[in-house]
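We have chain Y; now place chain V onto it with these hints.
Protein chains: 2
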Amino acid sequence: MIRERLKQLREKMALRGIDAYLVTSSDPHQSEYLADYYKARAFVSGFTDSQGTAVVTRDEAILWTDGRYFIQADFELQGTEFKLFRQGVPGVLTVAEFLKDRVRPGGKIGFDGNCVSYQLYRDLLEKMDDQILIGSLDFIKEIWKDRPALPHGEAFAHQPEYTGSTVADRIRELRKRMGQQGIDNYIISALDDVAYLYCLRGRDIPCNPVIFAYALISRDQALLFCDMAKLTDEVKEHLASNGVEIRPYDEVGDILSQIPGKSTLFFDPASVSIALIDRAPSNVQLIKDRSIVGAMKAIKNETELRHQRNAYLKDGTALVRLFHWIETGTPTGVVTEVAVVDKALKLRSEQEHFIENSFETIAAYGANASMPHYAPSQNRQAVLKPKGLFLLDSGGQYLDGTTDITRTIQLGELTDTEKLHYTLTLKSHISLISAKFKVGTSGHYLDAFSRLPLWREGVDYNHGTGHGVGYLLFVHEGPHRIAVQPNAIPLEEGMVVSVEPGLYVPDSHGVRIENICVVKKDITNEFGSFLSFEILSVCPIDTRPLLVDRLDDHEIQWLNEYNQSCYDKLADRLSGADLKYLEQATKSISR
Amino acid sequence: MIRERLKQLREKMALRGIDAYLVTSSDPHQSEYLADYYKARAFVSGFTDSQGTAVVTRDEAILWTDGRYFIQADFELQGTEFKLFRQGVPGVLTVAEFLKDRVRPGGKIGFDGNCVSYQLYRDLLEKMDDQILIGSLDFIKEIWKDRPALPHGEAFAHQPEYTGSTVADRIRELRKRMGQQGIDNYIISALDDVAYLYCLRGRDIPCNPVIFAYALISRDQALLFCDMAKLTDEVKEHLASNGVEIRPYDEVGDILSQIPGKSTLFFDPASVSIALIDRAPSNVQLIKDRSIVGAMKAIKNETELRHQRNAYLKDGTALVRLFHWIETGTPTGVVTEVAVVDKALKLRSEQEHFIENSFETIAAYGANASMPHYAPSQNRQAVLKPKGLFLLDSGGQYLDGTTDITRTIQLGELTDTEKLHYTLTLKSHISLISAKFKVGTSGHYLDAFSRLPLWREGVDYNHGTGHGVGYLLFVHEGPHRIAVQPNAIPLEEGMVVSVEPGLYVPDSHGVRIENICVVKKDITNEFGSFLSFEILSVCPIDTRPLLVDRLDDHEIQWLNEYNQSCYDKLADRLSGADLKYLEQATKSISR
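Residue numbers (the working numbering), protein chains in the order written: chain Y, 1 to 591; chain V, 1001 to 1591.
Hints were generated in silico from the structure; no laboratory data involved.
Check before you lean on any hint, since a few could be wrong.
Unchecked claim - Sample of chain Y residues facing chain V (criterion: CB under 8 Å; computed from the structure): (1) Phe-98; (2) Cys-207; (3) Lys-436; (4) Phe-437; (5) Tyr-445; (6) Leu-452; (7) Trp-455; (8) Arg-456; (9) Val-459; (10) Pro-479; (11) Ala-483; (12) Ala-488; (13) Pro-490; (14) Glu-492; (15) Gly-528; (16) Asp-552.
Keep in mind the model is a prediction, meaning the values are calculated, not measured.
Don't be surprised by glycine CBs; every beta carbon is placed ideally from N, CA and C.
So here's chain Y without its partners, still in its complex pose:
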C-alpha cells in the first residue's frame, strides 16, 4: 500500500522535476491534531501518530519523529521503504540537513505551502544552499483518491457563565495590546486562538473542540472566516452582538491581500502558513512574534478555574469507577485494553456536560505501557491479567473544562524493577508538583525538579514533563511547557500545566503519573515572591506498588494528603462498592 503511494508520488515528482517532496503533520492552521482530511503524512508513510515529518526523494523515504514515538514508528514502518530518523538523537540529520545533503544546489524541493508554517519555511530557506523551495505542490491531493471529507460539524458559543469574559471584552483587551505594540492588523490562524477570542467551539477535529476558521483583527474590524454552514442563528447572534463580522473561509487570502499598504500586520510565524502570508501586500510591514491571543488564553481567569475544578471532580468520579471496574474485572480475563477505552468513555459520558474525549485514550497493559503514546486497537491490544502494571492516560472535554490525567495501577504481582520504577516516578512527580518557585522561573528550569530524583538513580524519560492544558480547548496548549529543551517562558499565576514524569522499559513495562495543576501565588517575603501549584486532578494515586522505604517523610506526607483530599472530594459522589474502593485506595501509608 505504502509502496504504491510512493510510486505514484514519485511519478508526480518526476513529471514536475521535483527532487524531494516534504509532507508535514499539519493543516493550514498548523494544528497538532488533525482532521482525517489532513492526515497526509500518515497516508504517505503509514506512521499514524500525531507528530512526524516525511520526506520522499527519488530513492529514499524518511520519517522523522521524536522520542515519544520511536517504538511505535519502528513498529508501523516495518515492511515499508521508510526509514526512521530519530529526532533529537545526536548525529541524526534534521529534515533541513537531510534536504541540503540529498538535493543538489539548484535542485527542487516541493511541498504544500498551506501545511507549512511561515517559520518552518524560513528555517528551511535559511539552511539551504541553492536548493529551490516550491510551496504550491499538493501532490497528496492528487494521489489520495478516497480522501476523507472535510468536517462539517456545527459550531456553538461558549457562554460567559463559563468563560468569565465576553468576546467583546477579549477583543478590547487584544486591541489594547495591539495598540501598545503598534499593530494595525493581526491575522490569527491557530484554531484554539480563534476559538478563545470569539468564545466559539465546534467539532471539526476529534477531541479538539474547534472549527476550521481564521480571525483577522484590525483597529475597527473583527472578522471570522469559516464555513458559514457551521454557524447556527444563535452563534451568528453571539458573534454579531460582540461586533464580529463573518466571512467565508476561503476568502481569508483575498481579504488579507486587501489590507492597507504601509500598515503593520502581526502574526505568529509558528501557526500561520507561508501560503497565507504570501497573500499579504508586499508593502505591508510584517511583525512576527509569539501569539498575543495565546498569551491571553494561557492565563485562566477565576471563572474558568472554578469550572475547571468542577470538571476535574467529575472526571475523577468517572475514573474511580473505572479503576474499580478494571480491578474487579481483570481476574475474569475479559478486560481488554479496548474495553477499558470504551468503558472510560462510557463513564465519562455519564458526567454532566461531557462532550468527547480530549485525546485518544492510552490504555496500556504491561509492555504496551513502555510506548508513551501507545493506543490500543481491535487489531493490536492486550488482555489485562492480574499481574504487573496498567497505565491509563485519558481525558475529557466538558462544557466546563478539559481534563487530562495519567494513573498507573497495580493489577497483581510486580517485579522489583516495576516497584522501583513506580516509586521513582512518584518521587519525581512529587518533587516538581510540591515545589515552590520564584516568579519568573521558566518551565525549562522547573523540569530539573522532576529529573533530579530519577537521574540520581541513573534513570530518565525521553519526553517532556509538562504541557499547558486548554479550557474546553486543546489538551496541549502553549506557550509554556516544562521540558529539558530550553524555553524562557516563565510560568505565571493562572497558567494550567501538567506534571507527568514516567519511566519506560521496552518490552517490559511503563509507568507515568500525571496531574494537572494551576499556578498560584505563594509566599512573598524578603527572599522574593514565590509561586506554587494547586492540583486540579482528583484521583487516588496507587500506593500498592510503592517501595515505601525509598520515600522521604515529606513524600509520604504529600501522598497521604493528596489521597485524603481525593477521598474528601469524591466520597459524596460515589456509593456502594465504588465508595468502598475509594476508601481502600485512599488509605494512608507509613513506613
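For chain V alone, coordinates are given in the frame of chain Y:
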C-alpha cells in the same frame, strides 16, 4: 574626595563636550580582578569591590553592581554623589538604557576604549539612538595623579610535570581547531588564556598568577606580547624551545595592523578591547566567538587533576588547623576577622608550593556574613565571640593547583533561624553535589537542583551557585557556570566547578557551604550517559548547627561519608590537638 574627583572629571568632560563618561571595571584584557593601576572605577566612585560600572553625567553619578554587592555598595557609596543602580532588579535601568535616556541624540558618550570589550561596545552601539560613542578618552589617567605603577613582577614557566602537556602540544591542538574553523589568525587577550596556552605564570595581579600579555597565533607563528623585563632567561628558553616568539607588549596593535588582508581573524569579543580590534586591517574578516583556548583550558587533564587533588589536601590541612585555632581562640576574645585572614595565609604558606591567596579572604562573623563578598579590614571588622556563626571563604594558589572553599562554623549558641538556614543550605549543597546528570546538561539547568530544597521553604540566595575554577589560574574561570541566568554550556567531563549555595539575612547572619568538584563520567545504561561530581575539597562540614530531623536519610549518609573521607585523607597530616579536633569534627551523626 569623590566630590573632588567628580569635579575634575566633569571639567574634562565639559572641555571636550562629553555628556556622559563611562568607567568600567576592566583592564585592556577585560580581567575580572584588577591590578591597582586599573582600578579606575573604584577611584572615581569609591566602591571598591570587583564588579561594577560607573557613569558620570553633568548632573548625575550612577554606580551599577549586582546582588552580591548591594549591601557593600550601599555602605561604601554613603555620603558620595553616587546613586546605586541594582543590576538585575526589575525596573532598574541598565547602563545602556540609562545612557540612551539621559544623553540626547547627537550627544557624546566618552570612555577609554582599551578598557571596553568589543562586545560591550557593540551592545552599547546597537542600543543607542544617535548618541555618539567616543572610545579614545582616558580622562581617569588625566585626573589620577598618584596612580599606582603598573606591576613589574617576574614571569615563570609552569612545567610539564604540572601541566601534563607542553606549550607545543597546546599550540598544535589550538591550530588544529583553528584549521577546522577556517581561522588564519587568533588574537588572545584574556590573561588566563595566554597563561594556559604558553604555560606561563606571573604576579601582575594579586591572587591572579598571570602577567599582562597578549598572544597572536597564526598558522606558522606564535607570538607573545609582554614587558620583556618580566622574562628570565629560563622563561625565554621555555618559550623559544616551544616555538613562541616574544614581542614588546605595546607592539600588539602594530603587529595586528599588519596581518594579511583577506585573512580571517578570530577573537573572543568578551575579552578583546574595542581599541585593539580597531587596529586590525579593515579588509580582514573578523570571526567572533567564545574563546577556543578557554574551551581547551576548561577541560582539565589527568595530570592537572592529580595535582589539584593534592593541592586540596594541603589546603584542607591548613584549614583544619585554622578552624581549630579559631575555635580555641574565640572564647579569649582576641580573634578578630583580620586575625583569621592573617592566620589563614600563614597556615597556607606553611604548605608546600604555596604562592599566594587565590582571592581576598572573606572572614565574616555574624551579621558581616550576610554580605556574600564582605572582606574585613583593620578599619571595619568584628571580634569573634562564642555565639552565632562564622563564615570563611578563602583559597590559595599553589604550584599544583588553585583552591577555593567556604565553610560556616558554629562558635556558640545559635538562633532557630540560624540553625534552619544552615540546615537548608546544606540540603541545597547536597542536592546538587550528589547529583547525577545527563551528558549535555547545562549549568543553568543544574542550578535548579540547588534551589529546589530552598525554594520549597520560601528562601533563596541572590548569587550564582557555581563557577569554574582555574589551575594555578583564576579562581573564576569560564565558560561554564551554574546559575539562574540562562546559559547553554554543558558541563563536561574534566571541568572543575564550585557548588556554593548560601542564605543571607541582612543585619543578622549568613551561611554558605562551598566545595569544588570535577565533573566525572558516571553510569551509562539504556536511559543514557550520566555524569557526576568528584569532590576535590577536603575539609569537614560542621554538623553542630544542623537540625538533624530536617535531613533526609540520603543527606545524612552523604554528610557522614564526606566527613569520614576528610578524616581518612587528613589524619596522617595532622597531629596532637589538631588531630583531636579533626576526629571531633568528622564524627558521624544520626537522627
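(request) Hint by hint, work out which the structure violates, then give me just those numbers in ascending order. (result) Violated hints (numbers, rising): 1, 2, 10, 11, 13 and 14; every other hint is consistent with the structure.
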